[in-house]
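2 protein chains.
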Amino acid sequence: MQTLKTKPAADGFRMPAEFEQHRGTVLIWPVRPGSWTNGGREAQVTFTEIARTIAKSEKVFMLCDKDHLRQVADIFADDKNVLVYCISTNDSWARDIGPTCVVNKYGDVRGIDWKFNAWGGDFDGLYAEYEDDDAAALKICESINVDCYDAKHFVLEGGSIHSDGEGTVLVTETCLLSQGRNPHMTKLEIEQELKDYLGARKVIWLPRGIEGDETNEHVDNVCAFVRPGEVVLAWTDDVNDQQWTPSNESLKVLENETDAEGRKFIIHKLPIPKNPVRITKEELDSFVFEDGEDVREEGERLAASYVNFYITNDGILVPQFGDDNDEVAIKILGELFSDRTIYPIYARPIIVGGGNIHCITQQIPAGE
Amino acid sequence: MQTLKTKPAADGFRMPAEFEQHRGTVLIWPVRPGSWTNGGREAQVTFTEIARTIAKSEKVFMLCDKDHLRQVADIFADDKNVLVYCISTNDSWARDIGPTCVVNKYGDVRGIDWKFNAWGGDFDGLYAEYEDDDAAALKICESINVDCYDAKHFVLEGGSIHSDGEGTVLVTETCLLSQGRNPHMTKLEIEQELKDYLGARKVIWLPRGIEGDETNEHVDNVCAFVRPGEVVLAWTDDVNDQQWTPSNESLKVLENETDAEGRKFIIHKLPIPKNPVRITKEELDSFVFEDGEDVREEGERLAASYVNFYITNDGILVPQFGDDNDEVAIKILGELFSDRTIYPIYARPIIVGGGNIHCITQQIPAGE
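Protein chains in written order, with the numbering used here: chain L, 394 to 761; chain H, 394 to 761.
One should not assume that every hint holds.
Intra- or inter-copy, both count: the list cannot distinguish identical chains.
[To be verified] As a list, the in silico DSS-like pairs of lysine-lysine whose alpha-carbon atoms are at most 27 Å apart: (1) LYS595 to LYS449; (2) LYS674 to LYS508; (3) LYS473 to LYS508; (4) LYS508 to LYS595; (5) LYS545 to LYS645; (6) LYS545 to LYS449; (7) LYS508 to LYS667; (8) LYS595 to LYS545.
Hint data in this document are derived by calculation from the structure and do not stem from the laboratory.
Turn these sequences into a full structure, and let the hints steer you where they fit.
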């Protein structure tokens, strides 16, 4: 395993799309008392369901701190597709702290080790201690033997980018241009960085993500590729909903853009939950916050979105909220991914932590 | 990670020598009550010393069962070169149950997953339950992302072969022709198997190993390459010692052989301990044997040999027994490996388990 100082695009590497073949998926056992209700009691059940679902068609690389290794090893003792690694982190957002993987035409897979600053560092980061999170990507690469690009000069989370695998990358301005990321760089310089590291030729900037998303509105909650040239966009027809403006602004950008291959986008509207998902007093009381940690408030609206689904080798894991639109999302995604199994996952135990299924996963491509 | 049904030699792969560059070393935390005194209490201290010594210059892939994960994670919490994997085995002989790795000229590394039957299966195996041991090589390859050849048709332990990396392989007849290994195959067929899987052109058959070695006398206890064309041979000048005949027989073979490159061997005699290492009543009483497990007897001579050293990227780990010849072995190996650091390791806690430092390690080559 080597650490590389060169840049992926120059080395012939590109970021594959999530729907390309995976070797496996990184997950991190949830235990942070300020993120998960009752110290993870509910989230752990959901993470287990998600791990087992992913393990139907690919490996799961389950990271766990040393205090919970025994528990995790017991739970997955009979699932030979779940591999357990003793790696401590500050929380469980594998998407944002895991390596972003790139591949070349020879089937080689390499990771990228971005700088992680808990979604904003001193400016508006969500927790003050993130050293273990920041160190995780390299440890994952070491553990699974993937060479790794050093990109510690650049702050980025995996959830703030989506790649179609063919040269187009989707991002949001709210996140990538935030003062908490790379404020010393111009938009053009940031775009060049993405091209150099993801092997992209075109970066499409959506103005916003999901209103209230505490990651400065990661793209992976609002818009995702279902195949090259075709996306789903989080949507509401309710002009009074706070999400109406951001979604309409994104639609306008997508309608007027072409991708790296010159294609116009086919855009599918994926409704957000009909009833805003809000945190309850009971949930709030079950959190234990650290000093310097962003706290929630009773009734706070959570950034619930069906766009935060995750694509595995055989299926689509779709978050469910007990909402009227759960079925609508299942139907739309079922039609768009007709060659895969749709796995609905009741995801309230995850959304209370601030993200969803896509945020807690990070694919390691097969490089085939 | 792929499982391959082809053969390494035909694919352009060869088994590198141990003195070639390593990516890391597999170790397995010792806990078997029938192998280690006091359930591993003494062995764990020695394994820790060995892991830390290896970790000075390469990664350590430490396998551990789920009951001891917390202990192991605590011990190595500050050593970032020790990676902990939750993989259960029946015992701790990484050399014999880990994958034998081969490399090609492009730097690719692949494992070989031999059939393991606890050194003889029903014929003269040392324990009856070895399913987890037999499954370990593939799990290791999965965990560290090394493609793996399926060689389950052939019984072999890593300790029964030594490669010079240039086409020559050393084995012993007592082991490879044992009724407990591949009795349906002729010597010629076994030799062809070694050539096909290890990319070897010549197999040199020593008649014996170390007298009393319960592995049917693995070669890695009696003879090892220090570089191509040059070996150390376990030796005694005492004609009354039970080791005198086996060592002299091996010397005769080596003196009359050439390697795959046509070189005569330079042979260095490495004395065995002056005083036979015997198991004490106290040690014996601290074992707890399982049904079907080979038991030891008080005063039984252990197969102690300095040849069971291990080569890391920066050093040589040499077993020490509190014997007059400890210093002699250090001196000889120090001269032969003048470019590496000599690390003497007091190894009685391991030899009571039936093997030594080489037997508990398995290198994963860097493939450079």
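Cross-check of the supplied hints:
no.	hint	verdict
1	LYS595 to LYS449	neither (34 Å within a copy, 44 Å between copies)
2	LYS674 to LYS508	neither (35 Å within a copy, 58 Å between copies)
3	LYS473 to LYS508	between (33 Å within a copy, 19 Å between copies)
4	LYS508 to LYS595	within (22 Å within a copy, 51 Å between copies)
5	LYS545 to LYS645	neither (34 Å within a copy, 59 Å between copies)
6	LYS545 to LYS449	between (34 Å within a copy, 25 Å between copies)
7	LYS508 to LYS667	neither (36 Å within a copy, 58 Å between copies)
8	LYS595 to LYS545	within (23 Å within a copy, 49 Å between copies)
In summary, the structure is inconsistent with hints 1, 2, 5 and 7 from the numbered list given earlier, while agreeing with the others.
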